[in-house]
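Colleague: One-letter residues, chain by chain:
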Amino acid sequence: MRSIGDQPGLLSKTGYYIFLGLGAFISIFPFYWMFVIGSNPRGAASKIPPTITISDQFLPNFTRATGMMDFWTALGNSMFVSSAVTISVLFFCSLAGYAFAKYDFPFKHFLFFFVLCTLFVPQQLSILPTYVIMTKLEWINSFKALIVPAMVNAFGIFWMRQYIATSVHAELLEAGRIDGAGHLRIFTTVVVPIITPALATLGIFTFMNIWNDFFWPLVVLKERSNYTIQIALQQLFTTRDGLDYGMIMSATFMATLPLLLVFLGFSRWFIAGLTSGAVKS
Amino acid sequence: MPQSQPAAPTRGAAVRKQGWLTERRRSSLTAYLFISPFFLLFAIFGLYPILFTFYLSFYKWDALSPMSFVGFQNYRFVTEDPLFWTSFTNTLLISAMGTIPQLILALLLAVFLNSSITKFKKTLRVLYFMPNITSIVAVTLVFSALFSNGGMANWLLAQLGIDPMAWNSDWWGVKIAIATMVMWRWTGYNTIIYLSGLQSIPTDLYEAARIDGAGRFQQLLSITLPLLRPFIVFTVLMSTIGSLQLFTEPFVFLGQGGTSSTREEGLTMVVYLYTEAFGNSFFGTASATAVLLLLFTIIFSMFNIWASRRMSGDTDGGAL
Chain A
602 MRSIGDQPGL LSKTGYYIFL GLGAFISIFP FYWMFVIGSN PRGAASKIPP
652 TITISDQFLP NFTRATGMMD FWTALGNSMF VSSAVTISVL FFCSLAGYAF
702 AKYDFPFKHF LFFFVLCTLF VPQQLSILPT YVIMTKLEWI NSFKALIVPA
752 MVNAFGIFWM RQYIATSVHA ELLEAGRIDG AGHLRIFTTV VVPIITPALA
802 TLGIFTFMNI WNDFFWPLVV LKERSNYTIQ IALQQLFTTR DGLDYGMIMS
852 ATFMATLPLL LVFLGFSRWF IAGLTSGAVK S
Chain B
272 MPQSQPAAPT RGAAVRKQGW LTERRRSSLT AYLFISPFFL LFAIFGLYPI
322 LFTFYLSFYK WDALSPMSFV GFQNYRFVTE DPLFWTSFTN TLLISAMGTI
372 PQLILALLLA VFLNSSITKF KKTLRVLYFM PNITSIVAVT LVFSALFSNG
422 GMANWLLAQL GIDPMAWNSD WWGVKIAIAT MVMWRWTGYN TIIYLSGLQS
472 IPTDLYEAAR IDGAGRFQQL LSITLPLLRP FIVFTVLMST IGSLQLFTEP
522 FVFLGQGGTS STREEGLTMV VYLYTEAFGN SFFGTASATA VLLLLFTIIF
572 SMFNIWASRR MSGDTDGGAL
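Protein sequence lines correspond, in order, to chains A and B.
Just so we're on the same page, our numbering is the position in the first sequence counted from 1, plus 601.
Just so we're on the same page, our numbering is the position in the second sequence counted from 1, plus 271.
Heads up, a few of these hints could be off.
Derived PhoX-like pairs: lysine-lysine, alpha-carbon spacing no greater than 20 Å straight-line [claimed, not checked]:
hint : chain 1 : residue 1 : chain 2 : residue 2
1    : A       : K614      : B       : K392
2    : A       : K614      : B       : K390
3    : A       : K823      : A       : K737
4    : A       : K614      : B       : K393
5    : A       : K745      : A       : K823
FYI, nobody ran anything at the bench for these hints, they're computed from the structure.
Working from the sequences, and respecting the hints, build out all of it.
Modeller: What follows is the structure in structure tokens.
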């Protein structure tokens, strides 16, 4: 899109770019600094003047970190939990979204309204009884406690419904029906190929949210071997020996890297999802 | 009442399906089957826990011994606990300090970004969004290093001739540090929301205004801000709800003693709730806290919507 309004003068335009550049610098700097501190000797975080150049101590720092935590186990746990939730969210939310968009059934509008209402309930309101349920089910310390409650969510249903309602045309479904395909078959062969972009966005967002979640894993995971990466990182900060920031930052950097790469690779889907989600709600 | 909502895109399919009754019933059943997982899970892990929270808030319970009914005593305990009101004040202060400058900054960035070259726009959008994909734990750890006693924040203060601050124990220091973390993680997100709002404003509105002789500042006041209102309402509401639930930043930032208790300076309502439940095993008072938290969330959301209606001279409901 072209720029809007009067063409600003050269002076104010320079001002704009300085401001925008400063914003970009502040956005990136902590990532860079994470690596700087992670690659410098222990005490670098509290040097005066501050350390701002990369050094060669990353491996020793990271080795100290893996000595204090099961980094790779925690990373694997996070990967497993996030993938399991993402796959199931994509499946159940797209099915439900499809039903709300293309089927007609009694109480449909009421039920959809109900789904939307649940979006506004804060998580903290249900956390205690959910914890009690998990204790009863003996799911404390188990990944089931993280995966099962998250398997389908209201936002995903809303998101898929909006997309399917506008992008999947009734004629296509009709054609499938005339060919004698069953409901599930029409869904997998006709609907899924059309809604792949929406699935990509929802998948990335779900994965990111579960990967970054802290509160709920903190409540239900008790054993070190089951920690997700976020809990493991926090534990690293808790162990107090004069706070070895070199070690902490090297682990934080390694834990941030996977998601950062995914984001940079798929940034188009992220931002598309973000903007249309906001416009529609 | 919700039945009256039109669902335009589905009408065509619905009419055609009404030919054969059995087929129709079959498709209704299929639809129920497709949506049932959500309702099943919500019943178990959503609805039941919420009702149980209300129920529990009237009982004394430590999760082991039998429950005993205590009426409103849990609510009295919580509202008479000075620590709860400390957490309330902290939450409000940190919310205001983290949200207000953040949204103004995001609006400025979006307006400037919108009038910059397209190529920059795409790259900058990605860069601005990067903090938001970082986990709160990672953000808190990095900023803990920046805000450590001999760290970079104090060095910057020294350059400006200001005395160093104890960011992890000073009453204001803790709040500034936490508000900074919130701001860093969310400014870019809101910038992108505003930017998409700006891009949805038709260009000819500005052209018409220019012909009428409106300056750039006047265009901002009379076109951009009113048309951006739904987006502003959305972000204000989301930030308010989000910051009332602030937990991870203070918990990680101040929890390094290994005692799993958070310093009073950074105690927020959810940290209070967490400590009551999982630190002290007071499930009754923790439930009462959760109910109060919901109450505050509703009050603040209502206030936001009311205020934004007021400010805009009430045209219509906007996007919400």
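Colleague: Which of the listed hints are not met by the structure?
Modeller: Of the numbered hints given earlier, the structure breaks none, since each of them holds.
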